[in-house]
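Q: Please work from the sequences and hints to get the whole structure.
Counting in numbering that gives the first Met the number 0, the sequence shown runs without a single skipped number right up to 336 at its last residue.
No wet-lab data here; the hints were simulated from the structure. It cannot be assumed that every hint is accurate.
[Said to hold, decoys possible] Each pair of labels, with its calculated beta carbon distance range:
{"id": "1", "residue 1": "Asp279", "residue 2": "Val74", "range": "42 to 48 Å"}
{"id": "2", "residue 1": "Pro86", "residue 2": "Asn62", "range": "36 to 42 Å"}
{"id": "3", "residue 1": "Pro86", "residue 2": "Met223", "range": "47 to 53 Å"}
{"id": "4", "residue 1": "Asn247", "residue 2": "Glu318", "range": "30 to 36 Å"}
The beta carbon of each residue, even a glycine, is placed where N, CA and C say it ideally should be.
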Amino acid sequence: MGTTGTALVLRPEGAWIGHVGDSRAYRIRAGIVEQLSFDHSLVWELARRQRRSPDELTGVPSNVIIRSLGPEANVNVDVEGPHPLQPGDIFVVCSDGLSGPVHDREIGAVASALPPDEAARFLIHLANLQGGPDNITALVIKIRGESHSSVDGTATSHVWKGPPLRQRIWDACKDWPWSFIALVLGILLAGLALVLSWVDSGGSELYAFIPAGLLLLAGLAGLMITSLRERKAPLAPEEPRKLHVYRNIPCTIDEPLVDRLDAAIASLQNHIAENGWKYDEARFQQHFDLGTEHRARSAWSDAFAERCRAMMTLMEVLEQHRNKEEAFRPNWDKRER
0 MGTTGTALVL
10 RPEGAWIGHV
20 GDSRAYRIRA
30 GIVEQLSFDH
40 SLVWELARRQ
50 RRSPDELTGV
60 PSNVIIRSLG
70 PEANVNVDVE
80 GPHPLQPGDI
90 FVVCSDGLSG
100 PVHDREIGAV
110 ASALPPDEAA
120 RFLIHLANLQ
130 GGPDNITALV
140 IKIRGESHSS
150 VDGTATSHVW
160 KGPPLRQRIW
170 DACKDWPWSF
180 IALVLGILLA
190 GLALVLSWVD
200 SGGSELYAFI
210 PAGLLLLAGL
220 AGLMITSLRE
230 RKAPLAPEEP
240 RKLHVYRNIP
250 CTIDEPLVDR
260 LDAAIASLQN
270 HIAENGWKYD
280 EARFQQHFDL
290 GTEHRARSAW
300 SDAFAERCRA
310 MMTLMEVLEQ
320 HRNKEEAFRP
330 NWDKRER
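A: Shown next as C-alpha cells:
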C-alpha cells in the first residue's frame, strides 16, 4: 500500500510545503496560478533530466509515481518555503484526481471567483463531471486581510554626505587584527632587547623589554576577548532558501472564459433534459440571471461566480445519476490544455 501526501503550513514568515508524490499545492495570486510542488512522477522526472516541460513528453505514462509514502521505511520529503504571503493569496491543495481531469487554469479561475468552501465543492463536482477516475481531494485556503501598501506620488531627494572623518577612520581601523599586530610588535621588541643585552649596552635593553612585555600581554588579552566574543555571538543567519515555482499559468477571468462556461451549462441542461431528470430550476435561474446582470456590466469575475453557482445546481443532479465510468465533458476549450 502506498499514498501521496502534500501538506501546507501557514506561518508568520510564509507558507511551507511538505510534499511526496503527485498530489499538488497551488498558489493563486494576481491572476496567476502557480504550482509550488514537484510531481514525483516518471514523466516529471524525465522532463527534469531532459530540461523540458512535462507537457512536451509523449508516450510516457502519466500515472506512474517514483516516490510515495508506504512502500519504503524511509522516504525523502520535499520541504520548500517560506513562500511570502500576501492578503488575498489563495492556496489549493489537491490530489491528482482533481489536477488530472481539471486544467490548472480552471482550478485557478474557480478558486479566485468563489469562496473557499464553494470553490472546493465545485472543483470536485467538475472533476467528477469530466470522468473522475481517481479519488478526489481538494482544500482551498484564502489569506485574509488588506494590503497596507500605498503610493502617494511624492518623492523626496536625499544627498548622502557620509559619516564624519573621525567615524570613517574608526570604521577603517576597527577591523584590523590589532591583537596579532601587538603580538608581532612585542616579539620584535623582545628580540631587540635580547640583541641589546648581548652587546652590553648598559641597561638600555630595559627600554625595549618593558614595551615588549606590555605589547605581548595586550595581544594575548585581545585574542582571549575576541575568542569569548565569538563564542557568545549569535549564529550567522542561514541563507534564504531557494523558492521554486514549477509551473505558472494565467487564470484571469474574461469574457471568453464566461462564454465557455455558458456553453458547458447549455450542454448540461440538454443532457439533463434528455434523461428527464429534475433539478432546482428556481435556484438555477436565480444565479444564472445574476450572472447575466454582472455580464452586462462586464464584471466578469462576478458573472463567472454566479454561472458556477448555476452550474453547481446541474452538476449535483448529474452526480446523483451518473455511473462511475461515465464521463460527461463540458465544453471547456481543450486547446488550452
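Q: Run the structure past the numbered hints and jot down the numbers of the failing ones, going up.
A: none
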